[in-house]
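Start from the sequences, fold in the hints, and give me the full structure.
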Amino acid sequence: MADRGSAKIGVCYYPEHWPEDMWADDARRMHKGGIRRVRIGEFAWSRLEPEFGRSDFGWLARAIDTLHAEDLGVILGTPTATPPKWLVDRMPDMFAIDLHGRPRGFGSRRHYCFSHAGYRRECARIVTALGAAFGQHPGVVGWQIDNEYGCHDTVRSYSESALLGFRHWLKERYGTVAALNEAWGNVFWSMEYRNFEEIDLPVGAVTETNPAHRTDFDRYSSDQVRELNRVQTDILRVLSPGRDIVHNFMTFHSDFDHYDVMEDLDVATWDSYPLGSLDVFPADPAHKAAFARTGDPDMQAFHHDLYRGAGRGRFGIMEQQPGPVNWADYNADPLPGLVRLWGLEGIAHGAELVSYFRWRQTPFAQEQFHAGLILPNNETDRAYAEVQQLARDLIKLGDLGATAPAKVAIVNSYEARWFLAIQPQGKNFSYVEQIFSIYRALRAMGLDIDIVGPEANLSGYALAVLPSMPYVPPLLAASLEGFEGQLLVMPRTGSRTASHRIPTNLAPGPLAGLLGIKVTRVESFRPHSAIRLVFEGEHCTFDRWREFVTVTEADIVARVDDGRPALTRKGNAWYLAGWPDATLLALILRRLAGEAGLALESFAPGLRTRRRGHWCFLFNYGPEVADISGIVRGELVIGEHVLPVGGAAVWREGPGN
Amino acid sequence: MADRGSAKIGVCYYPEHWPEDMWADDARRMHKGGIRRVRIGEFAWSRLEPEFGRSDFGWLARAIDTLHAEDLGVILGTPTATPPKWLVDRMPDMFAIDLHGRPRGFGSRRHYCFSHAGYRRECARIVTALGAAFGQHPGVVGWQIDNEYGCHDTVRSYSESALLGFRHWLKERYGTVAALNEAWGNVFWSMEYRNFEEIDLPVGAVTETNPAHRTDFDRYSSDQVRELNRVQTDILRVLSPGRDIVHNFMTFHSDFDHYDVMEDLDVATWDSYPLGSLDVFPADPAHKAAFARTGDPDMQAFHHDLYRGAGRGRFGIMEQQPGPVNWADYNADPLPGLVRLWGLEGIAHGAELVSYFRWRQTPFAQEQFHAGLILPNNETDRAYAEVQQLARDLIKLGDLGATAPAKVAIVNSYEARWFLAIQPQGKNFSYVEQIFSIYRALRAMGLDIDIVGPEANLSGYALAVLPSMPYVPPLLAASLEGFEGQLLVMPRTGSRTASHRIPTNLAPGPLAGLLGIKVTRVESFRPHSAIRLVFEGEHCTFDRWREFVTVTEADIVARVDDGRPALTRKGNAWYLAGWPDATLLALILRRLAGEAGLALESFAPGLRTRRRGHWCFLFNYGPEVADISGIVRGELVIGEHVLPVGGAAVWREGPGN
Amino acid sequence: MADRGSAKIGVCYYPEHWPEDMWADDARRMHKGGIRRVRIGEFAWSRLEPEFGRSDFGWLARAIDTLHAEDLGVILGTPTATPPKWLVDRMPDMFAIDLHGRPRGFGSRRHYCFSHAGYRRECARIVTALGAAFGQHPGVVGWQIDNEYGCHDTVRSYSESALLGFRHWLKERYGTVAALNEAWGNVFWSMEYRNFEEIDLPVGAVTETNPAHRTDFDRYSSDQVRELNRVQTDILRVLSPGRDIVHNFMTFHSDFDHYDVMEDLDVATWDSYPLGSLDVFPADPAHKAAFARTGDPDMQAFHHDLYRGAGRGRFGIMEQQPGPVNWADYNADPLPGLVRLWGLEGIAHGAELVSYFRWRQTPFAQEQFHAGLILPNNETDRAYAEVQQLARDLIKLGDLGATAPAKVAIVNSYEARWFLAIQPQGKNFSYVEQIFSIYRALRAMGLDIDIVGPEANLSGYALAVLPSMPYVPPLLAASLEGFEGQLLVMPRTGSRTASHRIPTNLAPGPLAGLLGIKVTRVESFRPHSAIRLVFEGEHCTFDRWREFVTVTEADIVARVDDGRPALTRKGNAWYLAGWPDATLLALILRRLAGEAGLALESFAPGLRTRRRGHWCFLFNYGPEVADISGIVRGELVIGEHVLPVGGAAVWREGPGN
Ligand SMILES: [Zn+2]
Ligand SMILES: [Zn+2]
Ligand SMILES: [Zn+2]
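Protein chains in written order, with full-length UniProt numbering: chain A, 1 to 657; chain B, 1 to 657; chain C, 1 to 657.
Honestly, I wouldn't trust all of these hints.
Cut-off 25 angstroms, straight-line C-alpha distance, at most; resulting in silico cross-link-like pairs (DMTMM-like, lysine to aspartate or glutamate) [stated by the list, open to error]:
#	chain 1	residue 1	chain 2	residue 2
1	B	32	B	21
2	A	427	C	635
3	B	427	A	455
4	C	171	C	148
5	A	407	A	379
6	A	407	A	455
7	A	570	C	379
8	C	427	B	555
9	C	171	B	555
10	B	171	B	148
Short derived list, chain A residues pointing at chain C, Cβ under 8 angstroms [what the hints assert, rightly or not]:
#	residue
11	101
12	189
13	206
14	253
15	254
16	502
17	529
Covered stretches of chain C (chain A as the covering partner; in silico rule of three or more C-beta atoms under 8 angstroms from a C-beta of chain A) [unchecked claim]:
#	segment
18	97-103
19	108-118
20	130-140
21	199-213
22	288-296
23	318-327
24	456-466
FYI, nobody ran anything at the bench for these hints, they're computed from the structure. Built from N, CA and C at the ideal position, the CB exists for glycine as well.
Shown next as structure tokens:
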């Protein structure tokens, strides 16, 4: 996408939506706007293959040439998110089937079942054709596979294809049905199977199905995403050597294991819609109102750090919101400056691409209310100027440098999300809210953070946090045993085995030795119920969740008001026995960061910082103008000491920092 | 229904529900109560045709004769809303199909698909038989076609019949599939079709379908209502010459174009349930509590004016609530006086019929909790006396006179409702709430109002308001260009083409010249979010919605706090760039009414007025007793100067008014 | 289950879930814990019949022997709530069908349709085999039929079997279709049938179906529960003479007539989950928070009294919550002491069995979060000690004595619940909330209460309350006529006939003579709407509901603020014309109890009492420690004068009480 230490500005473009005689001018204005990357083609299947047996790649070749002529590197999308009508009519069982047994049919997008073998063959066919045609085109610098896997709840399908695939997958995993019965505990309600052909998908039962059944189906479904993706990458590796292959992931999506999919990709790109994403997030209304025009101060950064981890250091923004969007319940206008701020913040976190969605607002079909850089009448819209400013920023910064490993790591797990969604036990127990609150608390102290997967190497981190992770795989358990930094383990960790059972030694299962505790009971709380504790003189609460911990070898650092342990510590391994309110979480993390020897700051609510190379970035999400003279330690190359809401400042970090 | 300048009191009656020996006494008591019109027969199909091939019209003939003998004119309903079991069993594919693919079967009412050709033939058959039998009966003064089109969400059906009909309709509209693909913008997500047979109904897709697809399906569905209606009117025009043909429309119903259906009808009657309708309206709980026993002070009048417009001056109330109903979430008892007040208010607005639903409360089946004029044990219920009082009122008033054209018009559009429901862009953007708030604000100033359709002639009005109307048809655009009164255009008007696309010149599209503005961006707000402005010294807000307007030739009359235009004006054409709160809306309308030279009043919250002929009516919806001496300009023929809650006053307007 | 005057402690145990070499130790620890009854086997079908044609009862024989060896009497469950996969695959139409036409399939439990003849045969087959094998085993002291009828909304099924069964049932009830049409009032919307084969299930119609149709389907569905139950009891009566046969009923379940089912059973046992049941009850959040760790102070007692009535004096707790459960939205931990308190309270109300669910917390499958007496790692959990304390309590109390008939009766009706659910008329009209509020008000006065069915003999009661009972059967009407105590009749009583019609004499129908009133109109209120009245100097309200009563022979004891009667009285028969708030209800009941000559108390909010034999029990549900010296009239054998939250006290009643 971009050379080491640099970043490119991009845009998403649909030449097939516009008369061909507009293309050259579009390309010229893109270049003038500072844009150097253009993603195209990802929804164009009906134009590439207008009917069965007939293809037309000529227009795409001309579009690529036109862009290339203006020095715009093309990221070519495979169109597999939108198979055309003639194709689906030839294999109507390719649709995903919903929870109620209904096909999820034609008429929008993502109308396919990941398990369908015929559709995989069609994907291979069109990708082979595209790879052969454009794989070595000098204007093609990368490929995007499909579009937003999982969008519109499309990972899990209850189709016949999925059923047959699932049975096969189970046979591979368990060998014998007796082993499966034992692993799942099917004796519980006479759910025992006599052979794999008796096993149904975990849907349509009278009440809750076996959580082990659901866990394996979640794993199976995630694997199908990886496989459909790999069908395409395997082809493009051969036909388009040297190009980066990417996918555009989403905000807070949990239905498949992004680390697995990334094994076959080069760069983790994601689609950043700060205002829309905040509008649909389960935040409280006052928070939504305060940041309705800026976005949450941590949500974008969280995903930058998440996808930088998933991309083994390489990530980008494939779609960046340029104005109001069309899909949230309410769609506000960003404050002036935010379109540039969001891009610059991505770069601060290491992005090698900031690509805006979309070039020109569509005057037809589903997304007419989605702003672009250009109005439907071809005048420039407000965002265009902000993109130009970002381009000037990039020139000022020159070599951006590499993103150094952070001192703090949060361990993210998709499998943990599935476990907790299957049996939340308290209706408001949300993995995403928990990990995001941990991220927010750490970042508010001015820390740079890495978000890593469960297989990551943790050595070198001064502080690591393990959000609730019911099943802790052996490799991670071993890694944590050897970890030398301060480690905070959140409740429910180690409370289940790989087969979604309670471990024979109870929670925290494989971490019992490390943490020196045993959990004998848990309880969950209604909203506005909670249990109190005093920590470092502050009145705090556990809400949502708390656990009854028996200490075997650990020290009790804090107790709940009823006297039971709240926070324990065995050496560097800390265990928190409940869901902390924001105050408590901040105090605990500050305490551990202190023990880890980290230097901490206390920023105003909307100020956030991040370092990249020798640059230090500061962003003001508001709600107030900020005097940042006390924070800036160096000469500002971007911004002033009085930072408006929506403003950004950058300075070169002195040697003393 | 009634002679010019007069009005009749009616009642809905079900002779088939009661022993024949009760009929004569019922008719006698009706007449004694002042009733002169009786609607019968609209649910009686299973008694008219007890089984396939056998009909029994004798009882109905005797019922009509019995009523006629007491000088009661019969409005005979066609029974097509309730086809009997034997009929549906002969064509089980006649059921409408719901959004999830399930038939909407037998067991209640309205169990048919408007598109089903076989059912249309059955309707023609029974209507022909009824027309032949009773069309020239001297006791039959009118016909009601079917009952409450669209009730229980029955306009749109996703059946095979609808699918085939829709494809045919599209072929008629677009000629070629290429033209349709272009109009809809199907290239957007590879949704292009190769022929009309590939097109599905806009349902069952993974996410939102193409808004153009939905728009055309809404139009198609509306057309089917008109066609089924016309099948029946065509027959009755021949078989029952000289009788009025009507339909009973509903409260705030939007799913079909009532103006289209009215082209084949004589009088627009509607079913007025003030308490039930307020209970299910999205009003705030305090408002609902304040008017729980009276109904909203404007809701009935709104529909009177709406249906008077739809009926080209002729309208009536076919069903008037006489006590608690059975179908709202909560069903309050009307305050004493309201049963008469609602009737008199209808007459003030020009109704030629006020027909109460129902004569005797049913002791069986679905509507047992619905009050009538007579209790199930045949004693008179409270409403009977209020109906008698209304009859005395009518005698006092004598010749009612004609309803003069108002000075103020609101342009109502069903198509606009569909557009806005398909892509609201803000979850709370409701056409019905908007048009009703405009109506309420104007009426609170003491103005008489006409609600007219988009094809109405606007000349002669001093003030016109055009609620949000995404697609403005050429005829209306031309009419507005030539309009000489003050014109207020609400946001989103002209923002879409007939094919649900953004116009090439952006919004307000065809009104760009008239208004002298261009809209480049829109945003929507969560509840309790808003943007502030000061107008005429008052602190106001835009909530729900606001737009970014570029002024090309207009003056900026008011600005939002961020400096952008809020209200613009080019000569007599005003544009409002947001959703006004009640204060702002009232101030703006008062300003325009002032410019239009209209005399305004400021009534207490529950007082409402209306003129008919030389009579001036005043109604007190409460919550307080009102001293109306300062308002009454003439001698009271009905009511006193102290008007209780639920009271009505009428005086002859002096020559000075 | 237990000898007269005594009670047994039991536990629910799943030997099939654990290695056989653990059984003996389990049995030993049970005995040591004071346990003498063990329920087993109710979900074990797949182990009893691992495949078609092969059975394996050996393990169960060994399990029973092992328990018997430790003096543990076995209650053997029939496994019909969990038919195994091979069985359902042989008759896939045995699944219940939901409201939307979808099978409620395999994968959890209760996956059968009560109407399916083939499944009834399978039940008979397995029960015959079990009865033959274990019916005369000396260790088997009782049988539990199936498990929790109706759990997961499984009473009503919309299957083909149900359809055919329903038609047959209707033919039996009505004889001719003409009689049915007349009874249901099918003429209303042309819903008349020509033969029974035309009748569908009351589902899938466009809007509300005929309430008479729904009423009969509710009756039919209830009858199928009774019949499936009787299939099993008929067999076990023969094969296992002298053993008690029971079923485990649920909390606030309404979908079948429990009195009908009890006709074939010996003891009414029920499953008591105080914390989970409060969490899902429609109580206000503050109440839920106050009692989150104790349970509602009246909910358990209500069900004890309900099921003692249903069991003709014999009842027990088959499943008693021992810690947090897994199925509520939020699952709190009981305060220490409650596990014992709940058991002791059951005994105070006459329980002959208190059986805890479950012995050992399951480490696999659906209920892993449900606590037991033993942890999954085989250590004892907290509840074990409380069970031991309960065993010591029982020893202290010795002969418990019989439960004397109370002076106060509440008449409970399942049919009334169906009527009111079919046409609530006000969305918040809830039979269960009403009867429970009556129970709570009476119990807060220190009264012992019997909850009796509509066929119960009321003679001997000093006070009886009849909650809203739309249809009053002739036998009950006669019984009330002859009743000599004070009788309070709640609104809506007598407002419908058996065929769900309004009686020809209006409400209260058959009670018109007894009460001396006639109801001519009803209305329902939104939350926070209400109508006021003053009663005994207190400001009170009717909310949810009020009626317009005409007095024919009664006295008006109280009037609503608008002057209409609120409370009437004809001799000992009182009628309440609205839904009383808690204050009003308490005042009225205190007034009637006074007239009935009952001695009343006024306890602190969480104190509750109950007498059994010569013992008087007092329980403190909190929220405060209570000094009970003023209440205790005798020497305490259990507890102290200062009663902690969760504490219980028992003393021998002196002769003066
Ligand atoms: Zn260049
Ligand atoms: Zn007359
Ligand atoms: Zn013993």
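The hints, checked one at a time:
1. At roughly 18 angstroms between alpha-carbon atoms, residue 32 of chain B and residue 21 of chain B fall within 25 angstroms of each other, so this suggested pair holds.
2. At most 25 angstroms may separate the alpha-carbon atoms for a hinted pair to count; residue 427 of chain A and residue 635 of chain C exceed this at roughly 47 angstroms.
3. Of the pairs offered as hints, the one joining residue 427 of chain B and residue 455 of chain A is violated, with about 42 angstroms between alpha carbons and a cut-off of 25 angstroms exceeded.
4. Of the supplied pair hints, the one linking residue 171 of chain C and residue 148 of chain C is violated, its CA atoms being roughly 30 angstroms apart against a limit of 25 angstroms.
5. Between residue 407 of chain A and residue 379 of chain A the CA atoms are separated by roughly 46 angstroms; this puts the pair beyond 25 angstroms, and the hint is violated.
6. Taking the CA atoms of residue 407 of chain A and residue 455 of chain A, the gap is near 18 angstroms; set against the 25 angstroms cutoff, the hint holds.
7. The straight-line distance between the Cα atoms of residue 570 of chain A and residue 379 of chain C is roughly 24 angstroms, inside the 25 angstroms bound, and the hint therefore holds.
8. Straight-line distance between C-alpha atoms of residue 427 of chain C and residue 555 of chain B comes to about 52 angstroms, which puts the hinted pair past the 25 angstroms bound.
9. Of the pairs offered as hints, the one joining residue 171 of chain C and residue 555 of chain B is violated, with about 78 angstroms between alpha carbons and a cut-off of 25 angstroms exceeded.
10. Under the criterion of a C-alpha separation no larger than 25 angstroms, the hint pairing residue 171 of chain B with residue 148 of chain B is inconsistent with the structure, at around 30 angstroms.
11. Checking residue 101 of chain A against chain C: minimum C-beta separation of about 7 angstroms stays under 8 angstroms; hint holds.
12. Interface hint status for residue 189 of chain A: upheld, as the beta-carbon distance to the closest one in chain C is roughly 5 angstroms, under 8 angstroms.
13. Of the supplied interface hints, the one on residue 206 of chain A holds, with its beta-carbon coming within about 5 angstroms of a beta-carbon of chain C, less than 8 angstroms.
14. The beta carbon of residue 253 of chain A comes no nearer than 25 angstroms to any beta carbon in chain C, farther than 8 angstroms, and the hint placing it at the interface is violated.
15. The beta carbon of residue 254 of chain A is not positioned within 8 angstroms of any beta carbon in chain C (closest approach about 21 angstroms), and the interface hint is therefore violated.
16. Nearest Cβ of chain C to the Cβ of residue 502 of chain A: about 4 angstroms, under the 8 angstroms cut. The hint holds.
17. Taking 8 angstroms as the C-beta contact cut-off toward chain C, the hint placing residue 529 of chain A at the interface holds, the least distance being around 5 angstroms.
18. Coverage of the segment 97-103 of chain C by chain A holds [criterion: at least 3 residues with CB-CB distance below 8 angstroms; count 3].
19. Here's how the segment 108-118 of chain C fares: 4 of its residues keep a CB closer than 8 angstroms to some CB of chain A, so the rule of at least three is met and the hint holds.
20. Three residues within the 8 angstroms Cβ limit are the bar, and the segment 130-140 of chain C against chain A gives 0, so the coverage statement is violated.
21. Counting residues of the segment 199-213 of chain C whose beta carbon lies closer than 8 angstroms to any beta carbon of chain A gives 0, which falls short of the minimum of three for the stated coverage.
22. With a cut-off of 8 angstroms between beta carbons, the segment 288-296 of chain C has 3 residues touching chain A; three or more are needed, and the interface restraint holds.
23. Coverage of a stretch by a chain is defined here by at least three residues with a beta carbon nearer than 8 angstroms to that chain's beta carbons; for the segment 318-327 of chain C and chain A the count is 3, and the condition holds.
24. With a cut-off of 8 angstroms between beta carbons, the segment 456-466 of chain C has 0 residues touching chain A; three or more are needed, and the interface restraint is violated.
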